[in-house]
Amino acid sequence: MTGRALARIAAAVVAVLLSAGAAADAGAADPAETARILRHGPWPMPWRPDPGNRLSGDAAAAALGRALFADPRLSADGSVACATCHRPDLHWTDGRPRSAGLAAGDRNAPSLVDVRRWRWFGWDGASDSLWAASLRPVLDPREMGGSIAALAGLVRGDPVLAGLYRQALGRAPLADDTALAVDAAKALAAFQETLASGRSPFDRFRDGLAAGDADAVSAYPADARRGLALFVGRGNCSVCHLGPAFTSGEFEDVGVGYFLERGRVDPGRADGIARLKASPFNRLGPWGDGGGADAAATRHVASQPRDFGLFKVPSLRNVARTAPYMHHGRLATLEAVVRHYSEVDEERLHPGRARLVRPLRLSEGEAADLVAFLRSLTSDER
Amino acid sequence: MSWRAAGAAALLALLPGPALATGCGSEFGAADVRRIVRPQYTLAYRPEPAELETDQLFALRVVLCGRDGGPVPLLVRVGAWMPDHGHGMNYATILTAEGDGYWRIDGMMFHMPGRWELVFDVGTPLRTDRLVAEEEVE
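Sequence lines, in order, name chains A and B.
Using the numbering used here, the first residue of the first sequence is number 1, and each one after it goes up by one.
Using the numbering used here, the first residue of the second sequence is number 1, and each one after it goes up by one.
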């Protein structure tokens, strides 16, 4: 055998070994890991209109909702619109740690993208429908400071809004203030339902894995692939950030703290459940269109001592576009979020709480991989 | 469950059970029924829908059968616990007595993937036996 032939054989052996290594690295050799990855798709998921909102999925109602969303006249002094804290150019957040309406707020403005999918709305889940969640900030004195009467008066008195209302509802604006304000809130929800995220590099990888498409699998960056393995494996992240939307939609304590300042705390879910149950606009009340058949979660949700200081598990889709992070916005970057989970102070977790969060003790490389994975959840459209 | 419901159910406890323990809950279907057997009675249940999914509300159909058609205990409480994480459900169940030892449990949700323990307290409101069954959701 010549030296050249030997060299060719050696090169072929190296190529085979590299190829096998790449497949094992990129293609998830472990069937259990593959199964865990596949559960994060497919995306987008089917969606059906909200049975509690007869305007849900209606394009004419969405047009009215779009107009209302951008209208600062919904606020008491005409200075704050829904779009003030949910800016289209900032992925429907405001980019601030904590939002400010008429007064400084205590919480970060969550993105509205994919909001149509949630069971609970807001960091504390104080609303059980998107339309009720849309009405809440309008009436909150610290956010928009409006009123039912003012909102109804605006829709009734403004020719453009009244015209959009007629197109959506097929009738003139109602004389009853509350009924008209609820219609306006349902139109706001119909608009926000249109804010849906598209497919991401992760989705192409995940679907390639499901279909055995080696090209799609190998196109996924190696660092994101390693980060994904951490996410569904040792990191235990997918216990809460589960399913295609990367969230359970429920509430957890991840050790970020609930003290706002000396003497003031954010009770989180504990307060959210109390406000939900007290609201006349919840799914058990008279203003929904589901007749109570859509209210199972509201009927059964339990108020428990451990709810204090719990906050909603956010979706991670497009998380790279929604900085800063956590309910109080105190973590400025994804790197800071990963560092938090790497070094989380277990003393800050409530005693007796679920043993979900442990310091991951990530190496620098592992932390970077996890961030790369999170960035791969960014969808193609802006 | 309200005390009124418990009182109504207590009357049921005096009645003979619906079936022999060996066939308890056979109407739930052989593929879906789960049974917990005790010397004096059997508890059989089936989730609805039968395929449990993480983060979805579901119901349980439950029947208690006395040995040899003997009396059956009450179903007092039903809940679930995730032993590896040290927490229960975020939702409270509502128990509805359907008569003849049959119950419907609404408001169940396993909001995380993993191993859960279904906990059935049977007996009387003052003295209960705890029956535990394991379920796994992905």
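Just so you know, these hints were derived from the structure itself, not from any lab.
Treat the hints with care, as some may be off.
Claimed, not checked - Covered stretches of chain B, going by a simulated chain A footprint (3 or more residues, C-beta under 8 Å):
#, stretch
1, 70–78
2, 104–111
3, 116–130
As the list claims (entries may be wrong) - A few chain B residues that don't get close to chain A, going by computed Cβ distances all over 10 Å:
#, residue
4, F28
5, G29
6, R34
7, R38
8, Q40
9, R61
10, H87
11, G99
12, A133
13, E134
14, E136
15, E138
Each residue gets a CB set at the ideal place from its N, CA and C atoms; glycine is no exception.
Against the structure, the hints come out as follows:
Coverage of the stretch 70–78 of chain B by chain A is violated in this model, with 0 residues showing a Cβ closer than 8 Å to a Cβ of that chain against a need of three. Coverage of the stretch 104–111 of chain B by chain A holds [criterion: at least 3 residues with CB-CB distance below 8 Å; count 4]. Counting residues of the stretch 116–130 of chain B whose CB lies closer than 8 Å to any CB of chain A gives 0, so the stated coverage by that chain is violated, three being the minimum. No beta-carbon of chain A is positioned within 10 Å of the beta-carbon of F28 (chain B); the least distance is around 22 Å.
With a minimum CB-CB distance of about 24 Å to chain A, G29 (chain B) clears the 10 Å threshold, and the non-interface call stands. For R34 (chain B), the non-interface assignment is confirmed: its Cβ lies about 22 Å from the closest Cβ of chain A, beyond the 10 Å cut-off. For R38 (chain B), the non-interface assignment is confirmed: its Cβ lies about 28 Å from the closest Cβ of chain A, beyond the 10 Å cut-off. Residue placement check: Q40 (chain B) keeps its beta carbon more than 10 Å from all beta carbons of chain A (closest about 31 Å).
The claim that R61 (chain B) is not at the interface with chain A holds, since no C-beta of that chain comes within 10 Å of its own (minimum 16 Å). For H87 (chain B), the non-interface assignment is contradicted: its Cβ lies about 4 Å from the closest Cβ of chain A, within the 10 Å cut-off. The non-interface label for G99 (chain B) is consistent with chain A: the shortest C-beta to C-beta separation is roughly 23 Å, beyond 10 Å. Consistency note on A133 (chain B): stated as away from chain A, and its beta-carbon is indeed over 10 Å from all of that chain's, at 20 Å minimum.
The claim that E134 (chain B) is not at the interface with chain A holds, since no C-beta of that chain comes within 10 Å of its own (minimum 18 Å). Under the 10 Å C-beta cut-off, the non-interface status given to E136 (chain B) relative to chain A holds; the minimum distance is some 13 Å. Not every CB of chain A lies more than 10 Å from the CB of E138 (chain B), the least distance being 7 Å, so the non-interface label is violated.
Of the numbered hints listed earlier, those contradicted by the structure are 1, 3, 10, 15.
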